[in-house]
Amino acid sequence: MNLLSRFRKFSFWSWVWFILGALYFLIPLYATLRHSLRMERDVIGFRAYERAFADPSFLETFLLSNLLAVATIIASIILIVPTAYWIRLRVPEARRITEFITLLPFVVPAIILVFGLIRIYSSPIGIPFTGINLLQPLTTTKLGTYTLIVAGYMVLAMPYMYRSVDTGMRTVDIRTLTEAAQSLGASWFVIVTQVILPNIRSALLSGALLTFAIVVGEVTLASFLGVDAFGPYLFLLGQHRAYEPAALSFVTFLLTWFAMGLIQLVTGGQGQAAGAH
Amino acid sequence: MAYLTLSKITKRYGDALVVDDFNLDMEKGEFVSFLGPSGCGKTTTLRMVAGFEIPTSGKIILSGDDITSKAPNQRNVGMIFQAYALFPNMTVAQNIGFGLRIRKEPESAVTQRVKEMISLINLEKHADKYPYQLSGGQQQRVALARALANRPQVLLLDEPLSALDAKIRVSLRNEIRAIQKTLGITAIFVTHDQEEALSISDRVVVMYDGKVEQLGTPSDIYNFPKTAFVANFVGTLNTANAEVVDPAKGLISVDGVQFGTTKDLKSMKKGDQVRMSIRPERFSFASEEKKENVLDCTIENITFLGSIVRIQVLIGNTKFYMDTFNNPFLELLKVGEKAQVTCSRQAVLVLDSPIEATSPQKDLLETDGILGSV
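If you read the protein sequences in the order shown, they are chains A and B. 83 is the number that our numbering gives to position 83 of the first sequence; each next residue is one higher, with no gaps. One rule links them: number in our numbering = place in the second sequence (from 1) + 1000.
Be aware that one or more of the hints could be misleading.
Here are the in silico distance ranges between beta carbons for each label pair [said to hold, decoys possible]: (1) Q1133(B) with S14(A): 30 to 36 Å; (2) V1170(B) with W257(A): 50 to 56 Å; (3) I1054(B) with R96(A): 23 to 29 Å; (4) L262(A) with A1127(B): 29 to 35 Å; (5) A1109(B) with S123(A): 58 to 64 Å; (6) P128(A) with D1015(B): 43 to 49 Å.
SDA-like, lysine to any residue: derived pairs with alpha carbons at most 20 Å apart [said to hold, decoys possible]: (7) K1129(B) with Q194(A); (8) K1263(B) with P1247(B); (9) K1070(B) with R175(A); (10) K1334(B) with I1302(B); (11) K1129(B) with P198(A); (12) K1249(B) with L1295(B); (13) K1226(B) with N1241(B); (14) K1104(B) with V190(A); (15) K1263(B) with N1223(B); (16) K1334(B) with L1305(B); (17) K1070(B) with W188(A); (18) K1334(B) with L1295(B); (19) K1266(B) with S1253(B); (20) K1129(B) with V172(A); (21) K1070(B) with V190(A); (22) K1319(B) with A1347(B); (23) K1249(B) with A1347(B); (24) K1104(B) with T193(A); (25) K1167(B) with I1179(B); (26) K1266(B) with D1352(B); (27) K1104(B) with E1116(B); (28) K1104(B) with V192(A); (29) K142(A) with L64(A); (30) K1008(B) with G1058(B); (31) K1104(B) with W188(A); (32) K1249(B) with D1264(B); (33) K1070(B) with Y1003(B); (34) K142(A) with L63(A); (35) K1270(B) with V1244(B); (36) K1104(B) with S187(A); (37) K1104(B) with Q194(A); (38) K1338(B) with S1287(B); (39) K1070(B) with R90(A); (40) K1070(B) with S187(A).
Rather than coming from a laboratory, the hints here were simulated on the basis of the structure. A virtual CB, placed ideally from N, CA and C, is assigned to each residue, including glycine.
With the hints as constraints, model all of the structure from the sequences given.
Rendered as structure tokens:
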């Protein structure tokens, strides 16, 4: 089928809605790009980009946010994959309550979450009336603060990660594959790592991408926990400079699209294979 | 001592009794089918052997080892599922070698065994394909090879042919049976298809409502059904309520028409109600030398079914069906004509558990297309 006949398959109204949707995304993007290129009067150039990249804080905060994003993705997979798997396999009646819990970050603002974290973990946690401390304050050390922020990011990313994983598991017959692997002698660890995870790889990567996007742009948690992440950096920059934040926003956007393209490239064939089954 | 023993197996889900006092002894290399309608407990029983369900009471002994409470991955049992259950992320060869790699067998041994198994199922050209690139029949053959690669002590097949079309179903069931015989592996096959069960099994367990209705060879099950359920479920059957006329001579009567039977009726008395049955193919048109069970009838309907012709006859006030082989050179009687039909005394079965004409069991069976005449 040639390209022209492929396009003809869609109706007029499909095209109208598609173009309207595309414009909704592309116009602000174009405006940002145009703004970022006009730092110098009457000249179109990359001055804003040069200045933004020259600031060492950009690279530091961007790398830190990337590291935190990777840590959040790994921790989310470790928490959510076995949970979603077990719920589908053994306790399907718990699905509703789990879905409700995973939707809470949409209802409870990040500011409440961060104040809750600070309130609980900024002082030692111990057994009442015994003087025994189970956990030292987390906010006083860098590692503790990073642990707290990753935990917070996991909560924020939960609606996206859980849904991606759950949808991925719906496309494969988890129960029968598990039983087949068990009858061949596989342990739970082998089943999850060799049978379940590879078959929901596309879903995992989608969830990971959304988590990445949330973490890299997040401001509230990082600001209140005092973490020098990319979100607060961009926010501060926006308060003092006019063009560099637009340049950095555009670059971040491109990076995200690049990552999406990469995921499509890497998982396209495999995802189709699993889906066809 | 039997190779596989299921002793007094019972399974309850809350108040629901799904399997009730199931007993079975299997010899090594035997092929046994569990046959019954949906919800009769056959799959649950199979899953208890696999370890996916734990019996509420009873024991499962495999080769002298009590496996009742063992985890599925601790039993050396191979399972084949209706939905194939091949791992979509692995090729045919990787699927077959999965169990062997789990057991940490040397890679050379795995490669050798995978090759053997692929050759056994004649899929040499498809070793590097993914499951989605294979047809349903090919996928199920891969599932068979994967289950056999581990050299299981018992092979369990849970309606493995149900998702396939009719022709492939027949060829694959013969292939399964041939491979099972070649390897001498003990196998349990779950199906609701009587033809499948009768054609490939050494013995058949007919189940209904969680209970074993009858256990026997395919020939026993078909020719000598012990209960009304088995008689109705397996094959096509005429059934009717009858009355004992002379217990000593083995005579019963259906609406005044007498039938002789070889069934021992001495424990009964004249006037007792029983349920009788005759397979349609056991009737034939009477010839002069026939002396017993020669019955006057009227031809009511004739249906051409290809290799056989099904004739509906009215004997007394009761409709019966008789089957004769199709012979294009033989002139059939016409509808409305009078004739005489006969059947041997052995063909007249008196069932152990009479059923009422209005029982829900009968309604269920009639919707399944089984013949009944009352």
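Hints, verified against the model:
no.	hint	in the structure
1	Q1133(B) with S14(A): 30 to 36 Å	holds (32 Å)
2	V1170(B) with W257(A): 50 to 56 Å	holds (54 Å)
3	I1054(B) with R96(A): 23 to 29 Å	holds (27 Å)
4	L262(A) with A1127(B): 29 to 35 Å	holds (31 Å)
5	A1109(B) with S123(A): 58 to 64 Å	holds (60 Å)
6	P128(A) with D1015(B): 43 to 49 Å	holds (45 Å)
7	K1129(B) with Q194(A)	holds (18 Å)
8	K1263(B) with P1247(B)	holds (9 Å)
9	K1070(B) with R175(A)	holds (19 Å)
10	K1334(B) with I1302(B)	holds (8 Å)
11	K1129(B) with P198(A)	holds (17 Å)
12	K1249(B) with L1295(B)	holds (18 Å)
13	K1226(B) with N1241(B)	holds (16 Å)
14	K1104(B) with V190(A)	holds (12 Å)
15	K1263(B) with N1223(B)	holds (13 Å)
16	K1334(B) with L1305(B)	holds (17 Å)
17	K1070(B) with W188(A)	holds (15 Å)
18	K1334(B) with L1295(B)	holds (18 Å)
19	K1266(B) with S1253(B)	holds (16 Å)
20	K1129(B) with V172(A)	holds (19 Å)
21	K1070(B) with V190(A)	holds (18 Å)
22	K1319(B) with A1347(B)	holds (17 Å)
23	K1249(B) with A1347(B)	holds (16 Å)
24	K1104(B) with T193(A)	holds (16 Å)
25	K1167(B) with I1179(B)	holds (19 Å)
26	K1266(B) with D1352(B)	holds (14 Å)
27	K1104(B) with E1116(B)	holds (18 Å)
28	K1104(B) with V192(A)	holds (18 Å)
29	K142(A) with L64(A)	holds (12 Å)
30	K1008(B) with G1058(B)	holds (5 Å)
31	K1104(B) with W188(A)	holds (16 Å)
32	K1249(B) with D1264(B)	holds (9 Å)
33	K1070(B) with Y1003(B)	holds (17 Å)
34	K142(A) with L63(A)	holds (16 Å)
35	K1270(B) with V1244(B)	holds (5 Å)
36	K1104(B) with S187(A)	holds (13 Å)
37	K1104(B) with Q194(A)	holds (15 Å)
38	K1338(B) with S1287(B)	holds (14 Å)
39	K1070(B) with R90(A)	holds (18 Å)
40	K1070(B) with S187(A)	holds (13 Å)
Violated hints are absent here; each numbered hint is respected by the structure.
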